[in-house]
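> Generate coordinates for the entire structure from the input sequences, incorporating the hints supplied.
Every letter in the sequence shown is one number past the one before it in my numbering, and letter 350, counting from 1, is 350.
What the hints contain is simulated information worked out from the structure, not anything from laboratory work.
Accuracy of the hints is not assured; some may be wrong.
[Unchecked claim] DSS-like, lysine-lysine: derived pairs with alpha carbons at most 25 Å apart:
#, residue 1, residue 2
1, K47, K61
2, K53, K194
3, K217, K234
4, K11, K47
5, K217, K11
6, K61, K217
[As the list claims (entries may be wrong)] Distance windows between CB atoms, simulated:
#, residue 1, residue 2, range
7, Q342, L102, 39 to 45 Å
8, M279, S17, 34 to 40 Å
9, I333, P245, 25 to 31 Å
10, A308, I362, 15 to 21 Å
A virtual CB, placed ideally from N, CA and C, is assigned to each residue, including glycine.
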Amino acid sequence: PKIDPPALAFKSVGTGSEQLNYGKVYSGLYEFEGNVVPYLVVVKVGKESEQSKTKPGNRGKRDSQILLMSFLNRVHHRSPMNPLELEMFHQINNIIGVDPELYEYLFMVDADTSVREDSLNRLVAACANDGKIAGICGETALQNDEKTWWTMIQVYEYFISHHLAKAFESLFGSVTCLPGCFTMYRLRTADKGKPLIISDGVIQEYSVCDVDTLHKKNLLALGEDRYLTTLMTKHFPFMSYKFIPDAYCQTAAPESWSVLLSQRRRWINSTMHNLFELMQLKEMCGFCCFSMRFVVFIDLFGTIILPATCVYLGYLIYLVSSGTGQFPLISIIMLAAVYGLQALIFILKRQWQHIGWMIIYILAFPIYSFVLPIYSFWNQDNFSWGNTRIVIG
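So this is what it looks like as structure tokens:
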């Protein structure tokens, strides 16, 4: 930019002196193929004492989310703002020319995620068609699926977790994890204009700085996207959290074993702790074995016993191959039914490529069901993020 804006103070998510942070606000018009889109960019630059660090001002994704959510909350309630928020309001209202209170949705997308052109329209259309939707996501697939062996074993696993599982949860209107890489939230209720994701309750619990237990650390440091969905479900249980397969994006998967191990450690541990939080919610749809609470319990129980499941499958393979003992007919039929029903879904949709990816996933089953869970359980107190991104510059 021709003019370097001043660094303005705001409160960050952190402990002690880290709660004081500084940021610069840039705005303008981005032109692409004749279309002009207004933009606002907030760059966290940190205090003077942080300038020698690699990433001055960086407090993580949750801090960036809280920055925007708090700003929109204060716009809604017309509350006093800090210097950075005042500058954001000025840039949006006077430079871009839009009243910040007119925004209806908050779209979250990662920097390494490529969103298909019509996906945002489909998400907005779904929310406009159903005023009960508070959060919605689409399908996430891999853009580097054939890069390495480690990316190949993730393709079908992504299809299971980001399509099949979310489509099933969406039947209850309670998707348990709206991924931060590709999700849209409604800011206010459609009928009365009451704040949803920018409500005081959600922001207060999501912006906790004093994280003093292993449980809280796993929720807030490793799985903030999933925890935000949990908080939305907790505070607004009668709203819907949906998945639509027509909205599509691609993201970059870990290409090496070390990065994959670090990522899945975070995902598995945060999943367990968030499912435990969901189990404690009083109001969840359905009843008995047809309730979302039962689905969450099965998900939590299945995650915990994954290593034992892998050992049992190994035992079944030994029985069949050696011919000793009684033939495990019931177990074989159940396994065939599980993967047969999955295959039926993508065969009916004529997604033939998933046949090959399913075979690769089954071959890598011990990695997903034994190695990664055991490593994650053993490292419950490891909160490092790992080198999931390479920053140049």
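> Decide, hint by hint, whether the structure agrees.
Here's how the hints hold up against the structure:
1. K47 <-> K61: holds (18 Å)
2. K53 <-> K194: violated (41 Å)
3. K217 <-> K234: Satisfied, since the Cα-Cα distance of roughly 19 Å is no more than 25 Å.
4. K11 <-> K47: holds (12 Å)
5. K217 <-> K11: holds (20 Å)
6. K61 <-> K217: holds (15 Å)
7. Q342 <-> L102: 39 to 45 Å: holds (44 Å)
8. M279 <-> S17: 34 to 40 Å: holds (37 Å)
9. I333 <-> P245: 25 to 31 Å: Check passed, 29 Å falls within 25 to 31 Å.
10. A308 <-> I362: 15 to 21 Å: holds (18 Å)
Hint check: a violation occurs at hint 2 only; the rest are consistent with the structure.
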